[in-house]
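Each chain, letter by letter, is given below.
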Amino acid sequence: DGGITQSPKYLFRKEGQNVTLSCEQNLNHDAMYWYRQDPGQGLRLIYYSQIVNDFQKGDIAEGYSVSREKKESFPLTVTSAQKNPTAFYLCASSNRGFDGYTFGSGTRLTVV
Amino acid sequence: GIQVEQSPPDLILQEGANSTLRCNFSDSVNNLQWFHQNPWGQLINLFYIPSGTKQNGRLSATTVATERYSLLYISSSQTTDSGVYFCAVAPSGSARQLTFGSGTQLTVLP
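For the record, the sequence lines run as chains V and Y.
Per our numbering, residue 1 is the first one in the first sequence, and the count goes up by one each step.
Per our numbering, residue 1001 is the first one in the second sequence, and the count goes up by one each step.
Hints in this document: simulated from the structure, not taken from any laboratory.
All residues carry an ideal CB built from backbone N, CA and C; glycine is no exception.
Misleading hints may appear alongside valid ones.
A few chain V residues that don't get close to chain Y, going by computed Cβ distances all over 10 Å [stated by the list, open to error]:
id, residue
1, L11
2, R13
3, Q37
4, Q41
5, D59
6, T79
Partner residues are not named here, just some residues of chain V that face chain Y (Cβ under 8 Å, in silico) [stated by the list, open to error]:
id, residue
7, Y33
8, G100
9, T102
Ranges of calculated distance between the beta carbons of each label pair, as one might list FRET restraints [to be verified]:
id, chain 1, residue 1, chain 2, residue 2, range
10, V, K70, Y, E1015, 43 to 51 Å
11, V, G40, Y, E1015, 21 to 29 Å
12, Y, A1017, V, E62, 22 to 30 Å
The shape of chain V in the complex, shown without the other chains (with noise of 0.2 Å):
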């Protein structure tokens, strides 16, 4: 079946380290997208990639980077300059057509 794979379910990071999230589509989708959720709120836009070797910062961009190496793979990795990153991370997939979102099943990291 095509889907969003997203990796680990849970994630544990000490205060200071790097730590990368990954995302997976055999959906044969162009494009992708990474979102945060706090408790309680809506979904935030980090970075999103429309082709290949291209991306572009959402509204909260600050304290993570991505990669667009494959069109099957858009990893995010949450940096120590990130102030706060305990939260739910959601990444999403569409085709070029456009019928809507396909989201995976998410990643909760917690900082210790």
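Following the hints, position chain Y against chain V.
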């Protein structure tokens, strides 16, 4: 940027009741979606509906783009309908990246 307001913020229903959720947005859009987030955090795409009306079983949605609002109708609600419902939009001329509302928390009691 575009503003998205959802109402009501919280809704409690008895099983079998009907409900209407509203989404107002501040600019013209080329994308509007309704999502259901289950208790485990998974976001399920309910409707892609930048304009017009669609129905899927007990759920239906209407977007009146000229008046900048969308409605999600849930009929004969079930306990499995509980969760958070999000409206998300992308302004016309954008690359279709979505801006989310703050959601409606729906609780359906048995």
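Among all the numbered hints in the text so far, which are the ones the structure does not match? The structure breaks hints 3, 4, 5, 12; every other hint is satisfied.
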